[in-house]
Each structure stands twice: as structure tokens, then as C-alpha cells.
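Model the placement of chain B on the given structure of chain A, informed by the hints.
Protein chains: 2
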Amino acid sequence: MIIALDAMGGDFAPNVTIEGAVLAAQHEDRNILLVGPEKLLLNKLEKYKNNNRLAYNKIEIIDANESILMSEHPAKAVRHKKNSSIAVCAKLVADKKADAFVSMGNSGAIMTAALLYLGRLRGILRPAITTVLPTTKGACILADIGANVDCKPEYLFQFGIMSSIFCKKVIKIKKPKVALLSIGEEASKGNELTLATYSLLNKTIGINFIGNIEGKDICHGKADVVICDGFTGNILLKFGEGITDTMLYLIKQKILSSPIKWFLLPFFHLIKKTLQTKFDYSRIGGAPLLGVNGVCIVGHGRSNSIAVKNAVAAAVETVKYDVLNEIESNLHRYL
Amino acid sequence: MIIALDAMGGDFAPNVTIEGAVLAAQHEDRNILLVGPEKLLLNKLEKYKNNNRLAYNKIEIIDANESILMSEHPAKAVRHKKNSSIAVCAKLVADKKADAFVSMGNSGAIMTAALLYLGRLRGILRPAITTVLPTTKGACILADIGANVDCKPEYLFQFGIMSSIFCKKVIKIKKPKVALLSIGEEASKGNELTLATYSLLNKTIGINFIGNIEGKDICHGKADVVICDGFTGNILLKFGEGITDTMLYLIKQKILSSPIKWFLLPFFHLIKKTLQTKFDYSRIGGAPLLGVNGVCIVGHGRSNSIAVKNAVAAAVETVKYDVLNEIESNLHRYL
Chain A
1424 MIIALDAMGG
1434 DFAPNVTIEG
1444 AVLAAQHEDR
1454 NILLVGPEKL
1464 LLNKLEKYKN
1474 NNRLAYNKIE
1484 IIDANESILM
1494 SEHPAKAVRH
1504 KKNSSIAVCA
1514 KLVADKKADA
1524 FVSMGNSGAI
1534 MTAALLYLGR
1544 LRGILRPAIT
1554 TVLPTTKGAC
1564 ILADIGANVD
1574 CKPEYLFQFG
1584 IMSSIFCKKV
1594 IKIKKPKVAL
1604 LSIGEEASKG
1614 NELTLATYSL
1624 LNKTIGINFI
1634 GNIEGKDICH
1644 GKADVVICDG
1654 FTGNILLKFG
1664 EGITDTMLYL
1674 IKQKILSSPI
1684 KWFLLPFFHL
1694 IKKTLQTKFD
1704 YSRIGGAPLL
1714 GVNGVCIVGH
1724 GRSNSIAVKN
1734 AVAAAVETVK
1744 YDVLNEIESN
1754 LHRYL
Chain B
1424 MIIALDAMGG
1434 DFAPNVTIEG
1444 AVLAAQHEDR
1454 NILLVGPEKL
1464 LLNKLEKYKN
1474 NNRLAYNKIE
1484 IIDANESILM
1494 SEHPAKAVRH
1504 KKNSSIAVCA
1514 KLVADKKADA
1524 FVSMGNSGAI
1534 MTAALLYLGR
1544 LRGILRPAIT
1554 TVLPTTKGAC
1564 ILADIGANVD
1574 CKPEYLFQFG
1584 IMSSIFCKKV
1594 IKIKKPKVAL
1604 LSIGEEASKG
1614 NELTLATYSL
1624 LNKTIGINFI
1634 GNIEGKDICH
1644 GKADVVICDG
1654 FTGNILLKFG
1664 EGITDTMLYL
1674 IKQKILSSPI
1684 KWFLLPFFHL
1694 IKKTLQTKFD
1704 YSRIGGAPLL
1714 GVNGVCIVGH
1724 GRSNSIAVKN
1734 AVAAAVETVK
1744 YDVLNEIESN
1754 LHRYL
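Protein chains in written order, with this note's numbering: chain A, 1424 to 1758; chain B, 1424 to 1758.
For reference, chain A alone in the conformation it holds in the complex:
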């Protein structure tokens, strides 16, 4: 299988993405198209030529001399940077030169490029950007996290169906528990959007809808899929990052004020690592753009090389188990 990988996406690109590409290419069934500035990538990849020749030979560099920054306006950036690594990745999939693409870059730009070059799946009203949220029991998929700031109940309903199919096929959960993010568990709790979405989800028999979920219960792993509008999802995600950083800061301050700080500091680093391992995305790697007509996995900006490798694995599984076809051909059954 051929996976296009955006070498320039993420906070630690291109070193981490190149390393991730090498790790991914060690798998028998995957070849990597590494997309970014040719010279730079050739140069950096060189060191793997001798110590990992097998993987090295399975990586092909595809030139893309522009990059889209995390801070750029998605639509504008994609329109103006036709040769950006993200756009080139999407085009490779559109031209059937790659089976899927993976990027750790600007998720808005990835969605824009995917819509522009790949289009939507038949029957899908709005595609969603999803992410993987860690929980005490493992992880859950959160959709949408920013592609659709103003939603209709039908959008959320489709996010639920698409995420549930992804969860079943790729994460191998038999009957994924799908929950609707709201302000109380009761069916009567919520805003206009969630109340209407609740009735839609409650009527369908195709997915395992477990009702509303509150913010605090996401972390406890009560659901495998949590759906919400992209405004709420985006705020939630960023607030979570802020709290984690703040807590680590407070713990460190406490340790530094202790008379036995030199003894406790290594312990702090252990805690930090534990939380970052748990609360980062490396184990799962990435989550899909759902609803576009091509497989695309979006990884977290902070991804390390293991996360990149795992995001490529998620892309491979999504293609292998034909998730897009499953969504397209089954969508009408739920409606």
C-alpha cells in the first residue's frame, strides 16, 4: 500500500516525520511517498541509507516546495500555496498515486485541501475533523473538532455514523458506544442542536447510541465516540491542553519550593512523561477526516516518530477495511 506522508507537518517536522516514515516503511505492506522540499528531504533521509536500507528503499520523495504553517488561515493558504506539502499529498490521493495521506499539519488546511482535491463522499452533508482523546480506559474519537462551527442536527448525526464505522473497522470495537456531548445525561438536557440530534440518534438502530455524555465523563471512557459541533469540540480540546500544561506547571512549582527538590525532580519528569504518554496521541497516531472521498489521517502537531508511524498504520487500516465504501454504501440505511 502506498501512503503519502506530509513531511512538513507538525511541530517537529521534518526530522520526526522522516523518522516516522522510516519506521512505517519497515512494515512489509507499506511504501511511503514523503512529501516536502526535495533537497532538504534527500539530505535528511541520507543517514538512513546505510543503517536502514530496506526502509530507505521503500521511501520515495515527492517534491513540494511550500509549507502551510499552523497559524495560517486554512482556506487562503490552500488557495495560494498550490504546491504546499498538504495540497500535494491530497493531489497524490486524488490522482490514485497514493492510497491515503497522513499529515500532522494545520487541520483546517488539510480539510480544505481534501475537499478541494478529493471532494465529499456521496450523501455526506459535511465532513468532520476527528481526533483521538485519551481516557482512563484507553481512548475515544471526538468529532467534530473544528471543521463545522455552526452545525445542523443532520451533520452531527452523520458524524456519529461515520465515526462509529471507523471505530468498528479500524479500532476493532464491535459495538462502539456513541455519545452526544451535552450538559446533562438526560434526553431533555442540551441546546436546540443537541436536543434535535438526540432524537435523530435515538431513532436509528444501526449504531449503539448511549445518549448524552457530560464533559467530565469523556475522560472516564464512557464512550468510544463523542460527537459535538466543531466550535464546542475545538474549545474543549484546547482547554484540555491548557489544563494539562497548567497542572504540570503547578506541580513543578510545588516541587521546586521543596527542600528535597533535587530528589523529587526526577519523579516529576516521570509524572510528566506518564501524563504526556497518556495524553498524547502517539499510541494511536491520528484520527481520520471523515466524509471526504479519500483516506486522510490527521495526527497531532506534537507527534513523535512513533505517532507518525501509527498514523500511517491507521491510514493503512482505513484503506484495508474499506471504511469509505462502508460509509457510503450504508449511510442510507441509518437515515
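One should not assume that every hint holds.
In the DSS-like style, the derived pairs of lysine-lysine whose C-alpha atoms are separated by at most 27 Å in a straight line are [stated by the list, open to error]:
id : chain 1 : residue 1 : chain 2 : residue 2
1  : B       : K1675     : A       : K1560
2  : A       : K1661     : B       : K1481
3  : B       : K1612     : A       : K1695
4  : B       : K1560     : A       : K1661
5  : A       : K1481     : A       : K1499
6  : A       : K1592     : A       : K1645
7  : B       : K1481     : B       : K1499
8  : A       : K1696     : B       : K1695
9  : B       : K1560     : A       : K1575
10 : B       : K1639     : B       : K1677
Under 10 Å between C-beta atoms, here's a sample of chain A residues computed to sit facing chain B [unchecked claim]:
id : residue
11 : L1468
12 : Y1471
13 : E1609
14 : S1611
15 : K1639
16 : D1640
17 : C1651
18 : I1658
19 : K1677
20 : L1679
21 : P1682
22 : L1693
No lab work stands behind these hints, which were simulated from the structure alone. Glycine included, every Cβ here is placed at the ideal spot set by N, Cα and C.
Frame of chain A, contents of chain B only:
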């Protein structure tokens, strides 16, 4: 000044609220009307008769033989339990027998009772439930956290004005920084509601509007007041609680798996206490219902007696600095 205190509100009521009442009554300028089941309260208050006679004499018990649980539907509960401690508190303020009331109970029920017995301030479209969020720099006010799940831009605009006045008068911040919760700092980022609210806030010169704030920046203390619709605010707040609990759980698991766990456990309890002190509400006690025609401070359900005392102090300050009149008489200037 006479403050009505709902003895039955909060997770540790009535013990903690009674203790808080005693602490509050030690202040020269405040008398407490302790509202709840007379017999129970008389019995529990008895122990302070000898060891804190001064405070004891400044507390009067007002009988209210019903309680509203945290899990009850606010409107239904207030309608059916006319003699609940929350309803009686609101009536005491309406009848001018108390200058303000304080409750750690069901915030939806507090809002319903306040609206029913006290009504709205002139010119206010929708009152807001606010809360105090801890930040690395101190704290900020978040409004609304659940009273208004579907909002219009004008509501959010008024939440900003009311919270800013409260911050100025009670928390003594000269020019409180007011921010709008959104998915990016740029004016162009947000949903229909926040985009329209942004233009309203940006036009007014009466408050110090600093623009949009993202979820992650709330924790860093970039703003003194953060405004949002009650759906988003409620989800944010509960997600924050969930993450804090989850992180503490993960840290504890890590420690328990360590060979030196007995040595590290006391350190864990120190961390837990640090985070709980920082992330709880005791230092500030409570935040106001803003927009109702009477002073009401809502404390956190997990409040300890210090928090109860501080919530009473916030009520006293709100009355003393005439926050309601300030809101009512100045509202038209901003519009």
C-alpha cells in the same frame, strides 16, 4: 448586613455550611440567616453555643423543610418544592429580610428561584450563572455556565458588561480584561454567535474588551472575564473537572507501581492538595448570578467551610458596592 445562607446546598451540607456560617458570623458586619430543616440545624449548631458564642448569637435559623438535590430538574424542583432551602433563601431577599443569599446547591434551581422571586434587573435580557475559574495568575470569571444554552449576541454582550462591573467593584480589578471564548484569537474566527458578539463588544468603549480567547489561554490568566454561551461554558467546566480527576488518578497509578511507593505517596498527597487548593473555589468562594434583581452568590458544590465563608464575603461586597444598581444604571451607556 444580613445574608441568607442555604444550609442544605453542596456536597458536604449541612456540616460544612454550618461551619462556614459560624466563620462568616465572626465578622463584625454580618449576620447569618441559616436556612434549612430547623430541628436538624438547631441540633448541629448547638456545639458552637459554648465554644463560639459570639458567632452563634449572630446566626438565626429559618425553617425550610425541603431540599433540592443536585440531580433534580431545576424548574420542576423549584415549582414543586416551595419550601425548599433555595426557594426560602430567595424569598428572604425578595421580602427584604436578607440583603443577599448564598447557596452551594443546584445552580439551575438557584437561577430559577431567583428569577421567580426576585425577577430580572431592568434592561437585562437574560441573567447568567457565573463561576470562578482558577488560572496560573489567580482566577477569572466565566459567564455563562448553564443558564442560557441557546444565546443571542446581545445576551453575551450583557454578560460581558455585568461581569466586568462585578470584577471592578468586588474583585477590585481596575480595568478587567474581558474576552470572548472562541476557536482562535483573530476576529474572523468563531461561529455565528461569537462573530456577531465580537462586533458588539468591539464597538463599546465602556469595557476593556481584549478580543477572542482560546480554551488553552483561559488557564494562563489572559483575561479576568471570559464570556460564552451556557452550553459551551457548562461543558468546559465539567471537562476541566474530569481532566483534573483523571490526571490525579494517572499520577497515583504511576506511584503505586513504583518500588518506592511508600516514600512517594505522601508526596502525591501534597500534589493533590496543591492542585485541589488551586483548582477549587475556596479562596474566592463563589460567583454571582448576574442580572437578577437581588444579590445571589453561587458556590461550588465541593465547597469547604472556608469557601462558604468567602462566598458570604463576596455577597457582602456585592451589596456594599451596589453592583446591581451600577449594572442597572449604566447598562444603557454601553448599548
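To see whether the hints hold, each was checked on the structure:
1. Distance check on the hinted pair: B:K1675 and A:K1560 sit about 15 Å apart at the alpha-carbon level, within 27 Å; holds.
2. For a cut-off of 27 Å, the pair hint linking A:K1661 to B:K1481 is broken: about 47 Å separates their Cα positions.
3. In summary, the hint linking B:K1612 to A:K1695 is not supported, as the alpha carbons are separated by about 32 Å, beyond the 27 Å threshold.
4. Of the pairs offered as hints, the one joining B:K1560 and A:K1661 holds, with about 19 Å between alpha carbons and a cut-off of 27 Å not exceeded.
5. About 34 Å separates the Cα atoms of A:K1481 and A:K1499, which puts this hinted pair outside 27 Å; it is violated.
6. Taking the CA atoms of A:K1592 and A:K1645, the gap is about 20 Å. The hint holds against a cut of 27 Å.
7. Distance check on the hinted pair: B:K1481 and B:K1499 sit about 34 Å apart at the alpha-carbon level, beyond 27 Å; violated.
8. Using a Cα cut-off of 27 Å, the hinted pair A:K1696 and B:K1695 holds, with the two alpha carbons roughly 18 Å apart.
9. Annotation: proposed proximity of B:K1560 to A:K1575 is violated, straight-line Cα distance about 38 Å (limit 27 Å).
10. Proposed proximity of B:K1639 and B:K1677 is supported: the alpha carbons are some 26 Å apart, at most 27 Å.
11. Hint status for A:L1468: violated, given a least beta-carbon distance of 34 Å to chain B, over 10 Å.
12. For A:Y1471, the interface hint is violated, since its Cβ never comes within 10 Å of a Cβ in chain B; the closest pair sits about 34 Å apart.
13. Checking A:E1609 against chain B: minimum C-beta separation of about 8 Å stays under 10 Å; hint holds.
14. Taking 10 Å as the C-beta cut-off, the interface hint given for A:S1611 holds, the closest approach to chain B being about 8 Å.
15. The restraint placing A:K1639 at the interface with chain B holds, with a minimum CB-CB distance near 3 Å, inside the 10 Å limit.
16. With 10 Å as the threshold, the beta carbon of A:D1640 comes within range of chain B, its nearest partner Cβ sitting at about 7 Å, so the hint holds.
17. About 8 Å separates the beta-carbon of A:C1651 from the nearest beta-carbon of chain B, less than 10 Å, and the hint is met.
18. Nearest Cβ of chain B to the Cβ of A:I1658: about 5 Å, under the 10 Å cut. The hint holds.
19. At its closest, the beta carbon of A:K1677 sits 5 Å from a beta carbon of chain B; the interface hint therefore holds under the 10 Å criterion.
20. Of the supplied interface hints, the one on A:L1679 is violated, with its beta-carbon coming no nearer than about 12 Å to a beta-carbon of chain B, more than 10 Å.
21. This hint is violated: A:P1682 has a C-beta 12 Å from the nearest C-beta of chain B, more than the 10 Å allowed.
22. Hint on A:L1693 holds. Least Cβ distance to chain B is approximately 7 Å, under the 10 Å limit.
Hints 2, 3, 5, 7, 9, 11, 12, 20, 21 from the earlier list are contradicted by this structure; the remaining hints agree with it.
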